[in-house]
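Each chain, written out:
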Amino acid sequence: MSRQRKSINSVGIWRLNVVRLVFISLVIGLGWRLTDIQVLNPDFLRNQGDARHVRKVPVAAHRGMILDRHGEPLAISTPVHSVWVNPQEINVDSVKLPKLAKVLHLNAKKIKNKINSNQNREFIYLKRRVAPETANKVKQLNIAGVALQREYKRFYPTGEVAAHVVGFTNVDDAGQEGLELTHDAVLTGVSGLKRMIRDSRGNYVGGGEQLKATKHGQNISLSIDLRLQYLTYQALKASVVKYKARSGSAVILDIKTGEVLAMVNQPSFNPNSRRGLRNSEYRNRAVTDLFEPGSTVKPFTVASGLKSGKFTPATIIDTRPGTLRVSGHTIKDFRDYGQISVSTLIQKSSNVAASKIALALKPEQLWQDFSAFGLAEPTGAYFPGEAMGHLPDPQKWRKLDRATLAYGYGVASSALQLARGYMVLANGGILRPVSFVKVDQPPQGRRVFSRDDMKQVLTMMERVVQPGGTAQKAAVENYTVAGKTGTVKKAASGGYADKQYLSLFAGVIPATQPRLAMVVMVDDPQGKEYYGGLVAAPVFSEVMTGAMRLLNIAPDDLPMTQLHVAQK
Amino acid sequence: MSFSSLIDLLRIHVSVILLIVLVIASSIAVIYTKHTGRTEFVALQKLERQRDNLNEEWSRLLLEQSTWASPGRIEQQARLRLKMIVPTADMVVVVKP
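Chains as they are written, first to last, in the working numbering: chain A, 11 to 578; chain B, 865 to 961.
No lab work stands behind these hints: they were computed from the structure.
A hint or two may mislead.
[Unchecked claim] Output of the computed footprint for chain A on chain B, the stretches with three or more beta carbons under 8 Å from beta carbons of chain A:
hint : segment
1    : 879 to 888
2    : 911 to 923
3    : 934 to 944
[Unchecked claim] Sample of chain B residues lacking proximity to chain A, with all beta carbon distances greater than 10 Å (derived):
hint : residue
4    : Ser866
5    : Ser868
6    : Asp872
7    : Arg875
8    : Ala893
9    : Ile895
10   : Tyr896
11   : Thr897
12   : Leu927
13   : Thr931
14   : Met948
15   : Ile949
16   : Val958
Even for Gly, the Cβ is constructed at its ideal location relative to N, Cα and C.
Okay, chain B solo, but in the shape it has when bound (with noise of 0.2 Å):
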């Protein structure tokens, strides 16, 4: 077979070529799209169980900063350890304006 036949065929089956080349190039598109997929998808389920988590650890600390800043809780900590008083009337002194 020379070389000129050999032409000559990829002349006659250009169209078949062409088609064969797109349907490997698609089939590489398909498994790269595939991939993207997965890993975006192992991506998404990590942020998600993140924000679970920080969303968690935030109501869980709201909860605990509500217990640290009752007013009862403060109230005895201005009284007892910081010896805080209430001002009685005669130590209190209004300025007009």
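If we strip away everything but chain A, and leave its shape as in the complex, we get (with noise of 0.2 Å):
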């Protein structure tokens, strides 16, 4: 009985022992798991639920505008949406797809088999940037699987007016062309992020702490005044269809500050649609473009004549008998002009008094002077693809390079840059840095030449644009005006093209108060006319009689008869 016993008690300490052993090795385990999630991996489950119903979501930040100076908006971002889907929820065989796919012209065969081959993905954009009322139809559809997402599309209100000067950016809100390019860090936003918590369903229910601050864009004022903008496309673009040029460019500046007032080239494009554009039409001709000036720089010689003491503008020039032979190349002019002053030099355009004139001056004096009206010197804007002009080295040159620097050959600048050495002839001969952005406060310019000969030269460009001069058609009324015409053969290979011309006037005015200057070229007008003096100045006169009353300017020309004194 008890040897029994004792064997029952054996066997059941063993299976008791196997029972512990189970229980005490499931309790260990537990308290490892508890362990391994609690203190040693706690992120682990954190993560996997997060994943599955926290969100980071971006908040999109947008691009600051372009401003002209008075506030009026030149480029503008403005929110629409694009339209994605989420291929693992939607309904391939919905009878809305088809709907959808109108809405949107869209092929309703190609959006399936998009979706189709997408199917491990949540996220496929169907249309981007697509019209407020279209996302309005998209939302009424009420597709599931369908969503709008917030994004920003520059609009250029202006269009083709202001296209060269604001440029554009591409499809990623990222400046391409023009001023969208240079300010670009400016006017980029950086988007943010926030934290969102979405249901099952995919709604967001909670969340919304900032994650990463959103900074949009600053806004930047231009220097350009829409006004004379549209002013100058248009007198521009008509003068370029009516004589059926190749291209042209004007520029307008302020000339007490060194502000672009204006600038328009001509043929332009629609920054808002540019499908199929080529690099020739959204160039900016005025800034990129380097032609010889001609003629427009013989008030610079004339300047530079006046500086060395050797000419004064009564100094008579013999230019008979209308030619002068330099180093084997003879320089002619229209005709024989025979004994000038200086004063008629301008007037009349002579080249060959400009080439006396050179060719008695010091080579480094003449070409200091040169240069010191900005030829060949950067302006200081900072637009895309600036070009910097070209003046030729004077230990290199011989007497003929002299001689045809004086009337404007074998040096190149662009309409800007001509502006600009315009500028300096009218503010009393201060240099200034050329500015695309407005400006409070008129930048430190550089005294280049002195007050009295600036003025003397200013007053005989007067005679230019009055009867006997070559730009009678620059006039404008009630106003004194101040200018030189150009008309330059075009270079080709191996020399200068017979019948290609570039139509050029530059002027300033009111040439006893000087407020503006005015360049303006004309590459290459067909027809019978193609002189600077009756192609291009009537653009300066059409532009500047609207430009003197937009600006209200006071008018320093009136008859005496006009002219009334107020009673005090």
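Dock the two chains into a complex; use the hints.
Quick look at the structure:
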């Protein structure tokens, strides 16, 4: 009996120990798992939960506006919507899908294929940047898995008119050309991030805390005056069309501040739809293209002559017989002007007389004076693709180079550089940087000529638009104008093209108290009229007549009968 | 169980009872804040959507305004509809102080 009991006891203890062991190891196992989850890898489950419910949602930042000097918008970013689908949620055979395709002007079959081939993804764009009405229609269709995402699209309300100056952005809103590129860093916003909690159906139900602040782009006020820009655009376009010219450029500068008030080019383009656009259309020719300025630099030559002290406005130069032979090359005048004063040189645009002045001056001095007008020097505008221009090294000059420089051959400048040179003439001899952005305080300039010399040159240039001058069509009623025409033979391979010209006019208004400087350049006008005084000068007159009225600049050349003195 | 013994029991477990009350109060507070949070979040979302819509409308109106007020159109309207002209030189009188 006792033996039997003992054996039962020993079997019982063995079993009991097994059960104990199982329970103890169970407890140890659970304890281990508990420490693993709670102490060793506490983030694992939290991350898994977050991955299912917490989303980091980007907050789109808009790009800053580009405004003209009076606050009129030239480039605006407006919110538009992009349509996207979640291929895992959408029902491909839904009857609404063809309707969606119709609204978006897409092919229903293609949408289906796109969704089917991206089954493992959660996000694909159907169409980016749709119009607000289209977005509304999509919203009304209310298809599961189809949603809208807010994005910004750039609009250019002025279209062609300011296209070259403002430039444009690409599909990702980064500046590509023009001032959009120059000021990209300031205009671009930095999109933020916020944490959002969503439920199982994908609706956001909580969160909203900011992870990264959204920084919107800043606005920029340009120096451009939209009213003048329009005026210039219309006048230049009309002229380019009328003369079937290849291209044209015009620049207006504010003489006191060096701001660019208007800058237009032809042909232009619509920055809102740039499909099939060629480089030649969006190049800002007034800044990037160089040409030989021709007779428009004669005032510079004369200024250099006055500065040397060897010439005065009344100095007589013998231009007979209307030709001058220099190193085997003949410099010709339009006709034989005989013995003329320096003043008449500018009025009649005599190449012979200008060459004689240049040959009488020291080469280094002439070079220095030309570069003092800002030729072959950066304008300070920082425009993308800006051309520096070209002024040959005086050490290598031959006699002929000096003679031709006097009437603007062998030197290359852009329309903007030429306008800047005329700004020096007009503001009493101070060379200032040019600015595309509105400036409050005029930048410090550098005095390069004396006030007296500039005044004398300007007075001589007034005769150009008066009867007997080369640019009577540049005259503006009730205002004095100082200007100079240029008709330049276009350079071609191995010399100069036979019947291709550039028509130029550069002028300053009002001559007695200059406010604006303008350069008009028309490239290759067809037909019998190609002289600067006939093609380019009327553009100046038309634009300035309007500009004087718009800027409310007092007339300085009124007939006495129309001047009333206010009673005190 | 007499009344006095119940009082005694309460006296002994006063800290436990206090804790129970606090736990209930804090759980109600949690529910309340959660609820306020939800409501506020919904309100925030609504306001953000409203702000975005207003921004959208504002920039559309800005575009519209700049189209209507483009100098080209104004000039055309002035000339054609209002029959305005630019004064010629002999119509201008300048008054000097």
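Each hint tested on the structure:
no., hint, result
1, 879 to 888, "violated (count 0)"
2, 911 to 923, "holds (count 4)"
3, 934 to 944, "holds (count 3)"
4, Ser866, "holds (44 Å)"
5, Ser868, "holds (45 Å)"
6, Asp872, "holds (39 Å)"
7, Arg875, "holds (38 Å)"
8, Ala893, "holds (18 Å)"
9, Ile895, "holds (15 Å)"
10, Tyr896, "holds (16 Å)"
11, Thr897, "holds (12 Å)"
12, Leu927, "violated (5 Å)"
13, Thr931, "violated (6 Å)"
14, Met948, "holds (12 Å)"
15, Ile949, "holds (12 Å)"
16, Val958, "violated (6 Å)"
The earlier numbered hints that this structure contradicts are 1, 12, 13 and 16.
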